[in-house]
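Peer 1: Position 75 (the sequence shown) corresponds to 75 in my numbering; numbering is contiguous.
The set of hints was computed from the structure by calculation and includes no laboratory data. Just so you know, even glycine gets a beta-carbon here, dropped at the ideal spot from N, CA and C. Fair warning: there could be bad hints in the mix.
Here are the simulated DSSO-like pairs of lysine-lysine, each with C-alpha atoms no more than 27 Å apart in a straight line [to be verified]: (1) LYS124 / LYS62; (2) LYS34 / LYS51; (3) LYS45 / LYS118; (4) LYS118 / LYS58; (5) LYS34 / LYS81; (6) LYS34 / LYS104; (7) LYS34 / LYS45; (8) LYS81 / LYS124; (9) LYS55 / LYS118; (10) LYS81 / LYS104.
What follows is a list of derived Cβ distance ranges for each label pair [unchecked claim]: (11) THR131 / LYS55: 28 to 38 Å; (12) GLU123 / LYS55: 21 to 31 Å; (13) GLU57 / LYS124: 32 to 42 Å; (14) LYS109 / PHE65: 23 to 33 Å; (15) GLU111 / GLN41: 15 to 25 Å.
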Amino acid sequence: MVNEKEQRGGNEMGKIVSTLVVVVAGATQLIAGKGTPLRGQDTIKLVFTEKDHPKDEKADLKALFGDYGSALVIGIQLDGKVVTCDVRHEAHKQKPISSPTSVKMSDFKNENGQLSGKLTTDEKAEAFGETWEVNLTFRTKVP
Numbered sequence: 001m002v003n004e005k006e007q008r009g010g011n012e013m014g015k016i017v018s019t020l021v022v023v024v025a026g027a028t029q030l031i032a033g034k035g036t037p038l039r040g041q042d043t044i045k046l047v048f049t050e051k052d053h054p055k056d057e058k059a060d061l062k063a064l065f066g067d068y069g070s071a072l073v074i075g076i077q078l079d080g081k082v083v084t085c086d087v088r089h090e091a092h093k094q095k096p097i098s099s100p101t102s103v104k105m106s107d108f109k110n111e112n113g114q115l116s117g118k119l120t121t122d123e124k125a126e127a128f129g130e131t132w133e134v135n136l137t138f139r140t141k142v143p
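Taking the hints into account, I'd like the entire structure generated from these sequences.
Peer 2: Listed below in structure tokens is the structure:
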């Protein structure tokens, strides 16, 4: 189970309020940043990691190379639709794995300067012979 922990860095603050199963067991760090526009639409990048990365402007990239332990990097549109999903887990041989259709968002809210929602997979996801499962609720400041 993921312990609740606040992470502060610059003007960003994140709080994981539930569990991320298998992908980033023990993840306690969340940071939200502006993502790269995709098909002409702005995106937000959510970076969940095991280790702290509060002031790193390239936390999303470094997370995928293992600088912060296991990681989940999710790109969402402003309405909460998941458009990118990259998984890096220490136990996986294939690192990282890109699987944008494996994770779904529900209960998404973008209001009062806060983003919140629930990210889940439909049971276990699989790619390149690796499996993972996501089930987490998050809340963080809008970047």
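Peer 1: If a hint holds in the structure, say so; if it does not, say that too.
Peer 2: Here is what the structure says about each hint:
| no. | hint | verdict |
| --- | --- | --- |
| 1 | LYS124 / LYS62 | holds (25 Å) |
| 2 | LYS34 / LYS51 | holds (21 Å) |
| 3 | LYS45 / LYS118 | holds (15 Å) |
| 4 | LYS118 / LYS58 | holds (24 Å) |
| 5 | LYS34 / LYS81 | holds (15 Å) |
| 6 | LYS34 / LYS104 | holds (20 Å) |
| 7 | LYS34 / LYS45 | holds (6 Å) |
| 8 | LYS81 / LYS124 | holds (20 Å) |
| 9 | LYS55 / LYS118 | holds (25 Å) |
| 10 | LYS81 / LYS104 | holds (8 Å) |
| 11 | THR131 / LYS55: 28 to 38 Å | holds (33 Å) |
| 12 | GLU123 / LYS55: 21 to 31 Å | violated (37 Å) |
| 13 | GLU57 / LYS124: 32 to 42 Å | holds (33 Å) |
| 14 | LYS109 / PHE65: 23 to 33 Å | holds (31 Å) |
| 15 | GLU111 / GLN41: 15 to 25 Å | holds (19 Å) |
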